[in-house]
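**Student:** Let the sequences and hints guide you as you build the complete structure.
Chains as they are written, first to last, in the numbering used here: chain A, 2 to 348; chain B, 2 to 348.
Check before you lean on any hint, since a few could be wrong.
Copies of the same chain look alike in the list, so a pair counts if it fits in one copy or across any two.
Claimed, not checked - Straight-line alpha carbon distances no greater than 25 Å define the calculated DSS-like cross-link-like pairs of lysine-lysine that follow:
#1 94 / 129
#2 290 / 87
#3 290 / 94
#4 290 / 187
#5 6 / 129
#6 335 / 6
#7 181 / 206
#8 231 / 258
#9 74 / 129
#10 231 / 152
Bear in mind the hints are in silico, worked out from the structure with no lab data behind them.
As the structure is a prediction and not an experimental result, all values here were calculated from the model.
Number of protein chains: 2
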Amino acid sequence: MSMSKIVDVKFTLRRHEYEKPFHITGSISSESRNVEVEITLESGIRGYGEASPSFRVNGERVEALLAVENVVKDMITGFDVRNYAKIFEITDKLFAFPSLKAAVQFAVLDALAQELDVQVCHLLGGAKSRIETDKTVGIDSIEKRVEEARKIFEEGFRVIKIKVGENLKEDIEAMMEIAKVTKGAKYIVDANMGYSPKEAVEFVKKIYQAGIDISVYEQPVRREDIDGLKFVRFHSPFPVAADESARTKFDVMRLVKEEAVDYVNIKLMKSGISDALAIVKIAEASGLKLMIGCMGESSLGINQSVHFALGTGAFEYHDLDSHLMLKEEKFRGKFIQEGPEMRVREE
Amino acid sequence: MSMSKIVDVKFTLRRHEYEKPFHITGSISSESRNVEVEITLESGIRGYGEASPSFRVNGERVEALLAVENVVKDMITGFDVRNYAKIFEITDKLFAFPSLKAAVQFAVLDALAQELDVQVCHLLGGAKSRIETDKTVGIDSIEKRVEEARKIFEEGFRVIKIKVGENLKEDIEAMMEIAKVTKGAKYIVDANMGYSPKEAVEFVKKIYQAGIDISVYEQPVRREDIDGLKFVRFHSPFPVAADESARTKFDVMRLVKEEAVDYVNIKLMKSGISDALAIVKIAEASGLKLMIGCMGESSLGINQSVHFALGTGAFEYHDLDSHLMLKEEKFRGKFIQEGPEMRVREE
Numbered sequence: 002m003s004m005s006k007i008v009d010v011k012f013t014l015r016r017h018e019y020e021k022p023f024h025i026t027g028s029i030s031s032e033s034r035n036v037e038v039e040i041t042l043e044s045g046i047r048g049y050g051e052a053s054p055s056f057r058v059n060g061e062r063v064e065a066l067l068a069v070e071n072v073v074k075d076m077i078t079g080f081d082v083r084n085y086a087k088i089f090e091i092t093d094k095l096f097a098f099p100s101l102k103a104a105v106q107f108a109v110l111d112a113l114a115q116e117l118d119v120q121v122c123h124l125l126g127g128a129k130s131r132i133e134t135d136k137t138v139g140i141d142s143i144e145k146r147v148e149e150a151r152k153i154f155e156e157g158f159r160v161i162k163i164k165v166g167e168n169l170k171e172d173i174e175a176m177m178e179i180a181k182v183t184k185g186a187k188y189i190v191d192a193n194m195g196y197s198p199k200e201a202v203e204f205v206k207k208i209y210q211a212g213i214d215i216s217v218y219e220q221p222v223r224r225e226d227i228d229g230l231k232f233v234r235f236h237s238p239f240p241v242a243a244d245e246s247a248r249t250k251f252d253v254m255r256l257v258k259e260e261a262v263d264y265v266n267i268k269l270m271k272s273g274i275s276d277a278l279a280i281v282k283i284a285e286a287s288g289l290k291l292m293i294g295c296m297g298e299s300s301l302g303i304n305q306s307v308h309f310a311l312g313t314g315a316f317e318y319h320d321l322d323s324h325l326m327l328k329e330e331k332f333r334g335k336f337i338q339e340g341p342e343m344r345v346r347e348e
Numbered sequence: 002m003s004m005s006k007i008v009d010v011k012f013t014l015r016r017h018e019y020e021k022p023f024h025i026t027g028s029i030s031s032e033s034r035n036v037e038v039e040i041t042l043e044s045g046i047r048g049y050g051e052a053s054p055s056f057r058v059n060g061e062r063v064e065a066l067l068a069v070e071n072v073v074k075d076m077i078t079g080f081d082v083r084n085y086a087k088i089f090e091i092t093d094k095l096f097a098f099p100s101l102k103a104a105v106q107f108a109v110l111d112a113l114a115q116e117l118d119v120q121v122c123h124l125l126g127g128a129k130s131r132i133e134t135d136k137t138v139g140i141d142s143i144e145k146r147v148e149e150a151r152k153i154f155e156e157g158f159r160v161i162k163i164k165v166g167e168n169l170k171e172d173i174e175a176m177m178e179i180a181k182v183t184k185g186a187k188y189i190v191d192a193n194m195g196y197s198p199k200e201a202v203e204f205v206k207k208i209y210q211a212g213i214d215i216s217v218y219e220q221p222v223r224r225e226d227i228d229g230l231k232f233v234r235f236h237s238p239f240p241v242a243a244d245e246s247a248r249t250k251f252d253v254m255r256l257v258k259e260e261a262v263d264y265v266n267i268k269l270m271k272s273g274i275s276d277a278l279a280i281v282k283i284a285e286a287s288g289l290k291l292m293i294g295c296m297g298e299s300s301l302g303i304n305q306s307v308h309f310a311l312g313t314g315a316f317e318y319h320d321l322d323s324h325l326m327l328k329e330e331k332f333r334g335k336f337i338q339e340g341p342e343m344r345v346r347e348e
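**Tutor:** Next up, the structure:
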């Protein structure tokens, strides 16, 4: 069975335009530039992963990822994918390229799953047979935000993610108006670090007083401000999540020790598979709750998070909608998407 | 592939005599009574596990384990072993029968591995190809303890576990004498909760002053005395481990939050596979170190820990010697033992 040794690694740049520019606190994107990772085994089997680097969150540049193709190739060539824990340990050294770490680690699991004739979600435990994703309303004029939310709700999505953080007054108004046209929906509100701790608390108090419920309130304050997160957590009627503050398992262990948040938003692009698995277990042991999110992955990259979520069954909320916002010629996920629902074909 | 559904579960009592009575703080055993768990899949494949209950550590009785055969059968029959995370979640409810939880969870992995034509250690990551176990010197007269240690050293073991905790003065003397006849060996010293915090510190200071090194100092004080553990940790020149204090992932999370120990001794019989996997990840994220130990498992039960250790590669020390102290008619491990070395056959 040395046929499951890695013999080749190949990186390819993939560009996808957004359906429309995607605006969040401090950033507007019109295109997503990702790196497709292909690993080839001696048996000829090919495993695929996708890195969607984020300069804002991870400090990563797509050019830098492409430049380390041979470094990664030298790191993992010759290893047997059945020894995936070894490969995870070695690729943990790619901590300055976390999205690449995720792509390489997933490509290894994808190849192993094919060798064993199962799906990756089954390798990871097969905990769930289906999940439901939210869809996101970016920052825009109040009218356009409301219109977008209404459209998402009419498409059948029952969890709506709302980006805030650039203008407290407009955010509160938009939230109130969106709630009127999407009765029965759940809301994940994401400030992407845009508020001060006191603004963050003001936002949720106003929303609470209006009788609106927020399911998760993501990263209200700066990533380094752990005390600020904790301040918001203990003054907010709604659960508070760390996203930008929670990249590695070490970050999450600290957040747990400091009782700073109710939720962590795991993104494979921040943590890779290896740290994401560790965060799942830390959450199990500490009462922390989890959601899973994404950067700018295409269907190939979202596939990774879908299988991770189905396999571990670890998440209360799934925010896996980037591929729904990108123009793609061909759907490349090994999963079925029907409206908000994502599942794998049952054999 | 519904052929991988569980259709039957069977428990069998297995008794094994110790080669000689095994004496540790507060307990002398002449026989080990374990429960063999057999699960059968629709395909006819059979997976095996073994529960070695400990009344002293877990409050478990073998009679009680045997009595819940039908409960467990009802719990897991009909589940597909490819959805092992679901089965782990359900069997986590068996927290009052942790050794049984371990056996059932391992039997599921054993069956799944056969379905996929791999070994369990590969399902768990295949991190290591071999490990080395210690062997244990029980409590006895000083002469007999020294003689036993010499014999173990001559058999080729390079890590010797030494039981202490019933008589501080004799323990110190025995330790000094053992060190003289086993030069070059490493020592794991286990007090099984026998000392007060101050006795525990006195022991290690005397040993340190004599120029002897201890690799791990296990559970010097009572299990509930987390402050006592921490006191010993910060007054001991050697790393301090929790064993009886660390049964579940929740226990370990608390130990980490309180910075109470350097090491945790994972035993599948205390934690099952599910909590053991969580503890491995908590350790990765917090700098905690790990060893793996056993109760009174036969080769069938030790097999579980060997595959867990090879798969995760998470352990600095392996204390997997119970089967070496028991009389067994037939070796039933899916691993090769040569002196202290344990490995699986490479395909």
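**Student:** Would you mind marking each hint as holding or not holding in the structure?
**Tutor:** Hint-by-hint comparison with the structure:
no., hint, result
1, 94 / 129, "between (31 Å within a copy, 18 Å between copies)"
2, 290 / 87, "between (28 Å within a copy, 18 Å between copies)"
3, 290 / 94, "between (27 Å within a copy, 19 Å between copies)"
4, 290 / 187, "within (17 Å within a copy, 42 Å between copies)"
5, 6 / 129, "between (30 Å within a copy, 16 Å between copies)"
6, 335 / 6, "both (23 Å within a copy, 23 Å between copies)"
7, 181 / 206, "within (18 Å within a copy, 70 Å between copies)"
8, 231 / 258, "both (11 Å within a copy, 17 Å between copies)"
9, 74 / 129, "between (34 Å within a copy, 22 Å between copies)"
10, 231 / 152, "neither (35 Å within a copy, 57 Å between copies)"
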